[in-house]
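Since chain A is already given, all that's left is putting chain B on it; use the hints.
Those protein sequence lines, which keep their order, are chains A and B.
Using this note's numbering, the letters of the first sequence correspond one by one to residues 1 to 348.
Using this note's numbering, the letters of the second sequence correspond one by one to residues 1 to 348.
Calculated from the structure, these hints are not laboratory results.
On a predicted model such as this, the values are computed, not experimentally measured, just so you know.
Cβ atoms here follow ideal geometry from the backbone N, Cα and C, with glycine treated the same way.
A hint or two may mislead.
Said to hold, decoys possible - Within a straight-line C-alpha distance of at most 16 Å, the following computed EDC-like cross-link-like pairs (lysine to aspartate or glutamate) qualify:
| id | chain 1 | residue 1 | chain 2 | residue 2 |
| --- | --- | --- | --- | --- |
| 1 | A | 206 | A | 182 |
| 2 | A | 3 | B | 111 |
| 3 | A | 296 | A | 267 |
| 4 | A | 296 | A | 41 |
| 5 | B | 3 | A | 175 |
| 6 | B | 133 | B | 111 |
Said to hold, decoys possible - So the derived list for chain A, only partly shown, Cβ under 7 Å to chain B, looks like this:
| id | residue |
| --- | --- |
| 7 | 123 |
| 8 | 133 |
| 9 | 134 |
| 10 | 137 |
| 11 | 138 |
| 12 | 140 |
| 13 | 318 |
There are 2 protein chains.
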Amino acid sequence: MRKWGGLIARYGARLAISQSVEPVTLYEGDTPLIPAPRLGDAVVPGGQLFLKYEGLNPTGSFKDRGMTTAITQAVADGARSVVCASTGNTAASAAAYAARAGLKCIVLIPDGKIALGKLAGAVAYGARVIAVKGSFDDGLRMVREASERAPVALVNSVNPARLQGQKTAAWEVTEQLGQAPDWLCLPIGNAGNITAYWLGFCEDEKGLPRLLGAQAAGAAPLIQGKQIKNPETRATAIRIGNPARWQEAVSALERSNGHVLSVTDDEIFAAYHMTARLEGIFCEPSSAAGVAGLIKSVASGKVNPEGKRFVCVLTGHGLKDPDSAVDGAERPISIAPTTAAFLEVLGV
Amino acid sequence: MRKWGGLIARYGARLAISQSVEPVTLYEGDTPLIPAPRLGDAVVPGGQLFLKYEGLNPTGSFKDRGMTTAITQAVADGARSVVCASTGNTAASAAAYAARAGLKCIVLIPDGKIALGKLAGAVAYGARVIAVKGSFDDGLRMVREASERAPVALVNSVNPARLQGQKTAAWEVTEQLGQAPDWLCLPIGNAGNITAYWLGFCEDEKGLPRLLGAQAAGAAPLIQGKQIKNPETRATAIRIGNPARWQEAVSALERSNGHVLSVTDDEIFAAYHMTARLEGIFCEPSSAAGVAGLIKSVASGKVNPEGKRFVCVLTGHGLKDPDSAVDGAERPISIAPTTAAFLEVLGV
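Next comes chain A alone, as it looks inside the complex (with noise of 0.2 Å):
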């Protein structure tokens, strides 16, 4: 049983934010690792697979892990409202932080772009939503100039701030396994996440895992060296041609001996399908390129699972983007109101 006050209160002194106010929390973080023998014995023979499931975070992805921080740090600098440039789960975050501190947020997304329905949480938390019409870069290059001419607080992953609450999941996974793990599978989209993954395990000085990165085949500058001009993925939350921190990723791979790949959208979604067929888990599609570039490694012989420990991050709950879940599913069968025709659709 938890009294747990958030990621502020248990990290505290060793997050670089301001100490000077009370810490904005929604009491994020404590997310489970969870044990996934069944996916595990499918994809890491040999091996032991964890699930950390960021999804429970409380607007149901990681983001919230790096808003805790930003948004206090935004408080302590005197802010009173922040804004965003952000089609999903950053503008969700955003807007939760900000209305538990009283702050105003703003959200820019390209107009006609976005069903209003993607933009549920960032609505249901009172966030003002403006439409540009423009690319989601006009987007973000006119929140960027905004907080340079006005008193808004930027929170996008470019806010150093965010990173140092990010970076608090690595701490979490080395103590929930007592050690770190051997391989550490995340999706990399804006590789923000990456980039504080390992931030976090160096900082630990607990032991280092390598660091698997998987990309969506059609959103994958790292593997391809270049800016993708338009990134195409049903993974949505990392359809994202040019990340922030392309190179802090590359230099975290590299230091870890890891190991980075593409995975087809098919291949993102026969992972999302596993995980939750066989362990219960639902996570939204993005998040299952990290199980998929597992999957595809293991497959190639780049890594062998035997006796290796692997960890792979759910990074949104499936919830997020309920139409996928259904997308293709068949219709149910329809029967009469009766026990017996029940019965024989049960094979009894």
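The following block gives chain B in isolation, referenced to the frame of chain A:
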């Protein structure tokens, strides 16, 4: 930091279920009890308010507490399949734990009444969904009868193992708060949750709260003293006209010197928005019924908040029902892709 292994690992001996098999767990429970000072100032002036955020269970609702025990018992009993009639949270939870245990899960839904999207959880976890040409009650009758005649375990809330897991929420509240609250406020639908909380507090012998139960006005059999043939409310998780644990709920309310009342959908949604916008906590509409009931009871003088500690149970995550979050929300305004345009909107 927790090395949390779920409810049975934590409370095993206090749960009246079989101890003969390994627990089937997704590391449910141990959900945060979050102080809500801003909502508290608005709702219980002079008192203190805390929110038990059950939406952070693995499948997004409190149902996981009872499902770890029900599915573990089913495995101990040798079941190979589990069945339930449900349109939402129970189905998702049953499907997840069945997947975790390697059991088949069959869910009965009323034909034509349920959008596939509402079943995202159950579908994702691989449950077999069967539509019944009849009502929800027909489905419940069919699964009850079938479970008596075929080797399938019924995991609807009539299964006594469900209460065993659910009662642990009361123990967590008392431990997290240091003592039982003065009032515990929650929605009443099928009345299993209020029954389980009361059982838990009584067994714990660490103090008893007064219970405040809220029903939706269009689905308020306890208030009207009669079964409701066609219950109606937009808080779909409590749209129930004939609660399975009606008598237990009435008894718990009486013995706790509690209070039961009905709240309109408008009152429920007002509480839902206040909770998200003042505290950054997004719950299912039905979850907000407890908050709405508390607001109404303080306003009417039935509950005096002065010096009292209140816990409102938020039974499910808002992501379970994204449509309700965006319903009625304004379309975003649209601006040119320039920082000047953005600064103008910011009023700078």
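Run the structure past the numbered hints and jot down the numbers of the failing ones, going up. 2, 10 and 12
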